[in-house]
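Since the structure of chain G is provided, determine the placement of chain P on it from the hints.
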Amino acid sequence: MKLHQVEVLDREKFGNHTLLRYRWAGDTPRPGQFIMVRTTLSASASTLDPFLSRPLFVHDYADGEVSLLFEVRGRGTALLAEESSHVTVSAPLGRGFGLNVDGPVALVSGGVWVSPFKLLSRNLSLLDIPHDLYLEIPASAPEAYAVWISKAYPTATFVRTDEGQEAPHDLLKSMGDLSRYRALYASGTSETLATLREASLDVVPAQLAVRERMACAVGSCYGCAVPVWRSGERTYARACVDGPVFEAEVLAW
Amino acid sequence: MVARTSRLGVELCGILLANPLMPAAGTLSKEVVGDVATAYGAIVAKTVTPEPRAGNPPPRIAEVSSGMINSIGLQNPGIARFLKDLDAFDVGRPMIVSVAADTAEDFALMCRQLSTHSRVAAVELNLSCPNLEHAGATFCTIPGSVGEVVAACRKTLPDKPLLAKLASENAVENALAAERSGADALTLINTIPALSIDAWERKVFVRGGLSGPAIKPIALKVVYDVSRAVNLPVIGCGGVSRGLDVAEFMLAGATAVQIGAASFVREPQRILKEFSSYLTETGLDACELTTTLG
Numbered sequence: 000m001k002l003h004q005v006e007v008l009d010r011e012k013f014g015n016h017t018l019l020r021y022r023w024a025g026d027t028p029r030p031g032q033f034i035m036v037r038t039t040l041s042a043s044a045s046t047l048d049p050f051l052s053r054p055l056f057v058h059d060y061a062d063g064e065v066s067l068l069f070e071v072r073g074r075g076t077a078l079l080a081e082e083s084s085h086v087t088v089s090a091p092l093g094r095g096f097g098l099n100v101d102g103p104v105a106l107v108s109g110g111v112w113v114s115p116f117k118l119l120s121r122n123l124s125l126l127d128i129p130h131d132l133y134l135e136i137p138a139s140a141p142e143a144y145a146v147w148i149s150k151a152y153p154t155a156t157f158v159r160t161d162e163g164q165e166a167p168h169d170l171l172k173s174m175g176d177l178s179r180y181r182a183l184y185a186s187g188t189s190e191t192l193a194t195l196r197e198a199s200l201d202v203v204p205a206q207l208a209v210r211e212r213m214a215c216a217v218g219s220c221y222g223c224a225v226p227v228w229r230s231g232e233r234t235y236a237r238a239c240v241d242g243p244v245f246e247a248e249v250l251a252w
Numbered sequence: 000m001v002a003r004t005s006r007l008g009v010e011l012c013g014i015l016l017a018n019p020l021m022p023a024a025g026t027l028s029k030e031v032v033g034d035v036a037t038a039y040g041a042i043v044a045k046t047v048t049p050e051p052r053a054g055n056p057p058p059r060i061a062e063v064s065s066g067m068i069n070s071i072g073l074q075n076p077g078i079a080r081f082l083k084d085l086d087a088f089d090v091g092r093p094m095i096v097s098v099a100a101d102t103a104e105d106f107a108l109m110c111r112q113l114s115t116h117s118r119v120a121a122v123e124l125n126l127s128c129p130n131l132e133h134a135g136a137t138f139c140t141i142p143g144s145v146g147e148v149v150a151a152c153r154k155t156l157p158d159k160p161l162l163a164k165l166a167s168e169n170a171v172e173n174a175l176a177a178e179r180s181g182a183d184a185l186t187l188i189n190t191i192p193a194l195s196i197d198a199w200e201r202k203v204f205v206r207g208g209l210s211g212p213a214i215k216p217i218a219l220k221v222v223y224d225v226s227r228a229v230n231l232p233v234i235g236c237g238g239v240s241r242g243l244d245v246a247e248f249m250l251a252g253a254t255a256v257q258i259g260a261a262s263f264v265r266e267p268q269r270i271l272k273e274f275s276s277y278l279t280e281t282g283l284d285a286c287e288l289t290t291t292l293g
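Residue numbers (numbering that gives the first Met the number 0), protein chains in the order written: chain G, 0 to 252; chain P, 0 to 293.
Think of the hints as simulated: they come from the structure by calculation, not from any bench. The hints are all genuine.
Pairs of lysine to any residue residues, derived as SDA-like cross-links and limited to a Cα-Cα distance of at most 25 Å, are as follows:
id, chain 1, residue 1, chain 2, residue 2
1, P, Lys272, G, Ala44
2, P, Lys83, G, Gly231
3, G, Lys172, G, Asp101
Derived, one-sided and incomplete: chain G residues facing chain P with beta-carbon distance under 10 Å:
id, residue
4, Leu47
5, Arg74
6, Val240
Keep in mind it's a predicted model, so treat the numbers as computed, not measured. All residues carry an ideal CB built from backbone N, CA and C; glycine is no exception.
Looking at chain G on its own, in the form it has when it is part of the complex (with noise of 0.2 Å):
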């Protein structure tokens, strides 16, 4: 995969949350897409330790920036998080949320992964398509968060969980009737993701965005296996080409 190294221009920093932004010339990227990135010391290492980059949501786009918003859960986002003034990245990888729907359209995110939904916010008010944002803030969640996410996502209805098993159920009943909507977006850990899909089969069309770990991020080492159906068989398909967004009827949960 071709990796480029870019100018980091700010961290911000909130919880366990980072902000990281850079200068991008390459390809646009489209709402639930996903960057492969590395710390540059990494990269260059003989022992390319860590060895594997990290997939992450573009969180957002706009003239000539990208931002990533990930969480610190191990080696490689800790220092992603600190490393200097630059990183390694790919070019915005993967198949993205489909926009072509008339709305209203309704966006949840369960969880503290709020990540890929700026930038499909940002497009859908581009395509004037209305849309509404349901963003869970679990007990858990640093303070920090919670106010970083009041004032990213200024018109969003925040739900407060207690996390467990109830909380994807909390954050669906905040959400009412779900057939108002032509169409759902999430994004969140699997239980959310999971509920979500039950709850919209038969009601409304739902594109779910899916967290795995990742390796070659180009469809090579099948590591990255989602289980959904192709032709009423149960398969598996690759995270990285054939989503991250997948189509809830067709995934095998």
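What follows is chain P alone, placed relative to chain G:
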């Protein structure tokens, strides 16, 4: 001596390669083969089996220090579908098809299907896959199995080079068996059995094969040992991520070198460029490296 076209060119089993690099089986899909074709002297397609395989349930990959563990389970559409899509891999480079099966008989049947296919330059037997007749042990760990499969495939693939891809375990013994049974070349090594545990969830995370720079010294020793034990060309594989790694494997005895997991994180074109620079600096041709270790 076959004429070569450049300092990078090598000959493998009578096939001229523009350079000694090729992708390891399972690391290059048809979707992107066109983007990297110029970096490789030959293309190796993902392992194909007689029938379609859905592959293993996720999680399939785990990152470890300087490498990764994978447990894909040979997800593939089966050989009938594979042959229909073969054009996608035709990018002007010799094409090597990697095959795996549960029995020697099934291996041989696939070789028969490939034997008359004009686009297929050679067949690589993936002998590190589980053998159903022996409760899931791999062919490389069952005494006599490697020789049995290679001999069966030799009969059904009489006119194309037959490559045996071996595991690091019992490598010299299996290499000698493959040679006796009619293999034309050996690919060494496959991923190394490995385990990753999620301590927080207190469960096995991924049990599979380790690849990446972490395994390079092991692979290098196997290539060195085997190439001194047999009279067959060896294709080195295991942790190759830089041009100097290519040189090291060839100095250890390899005629060609496969790039696997590193192609996920580095462009193979860069690796080829680094290797080319090494040749320029040393004044050596690629084909000379295999015999120049002091």
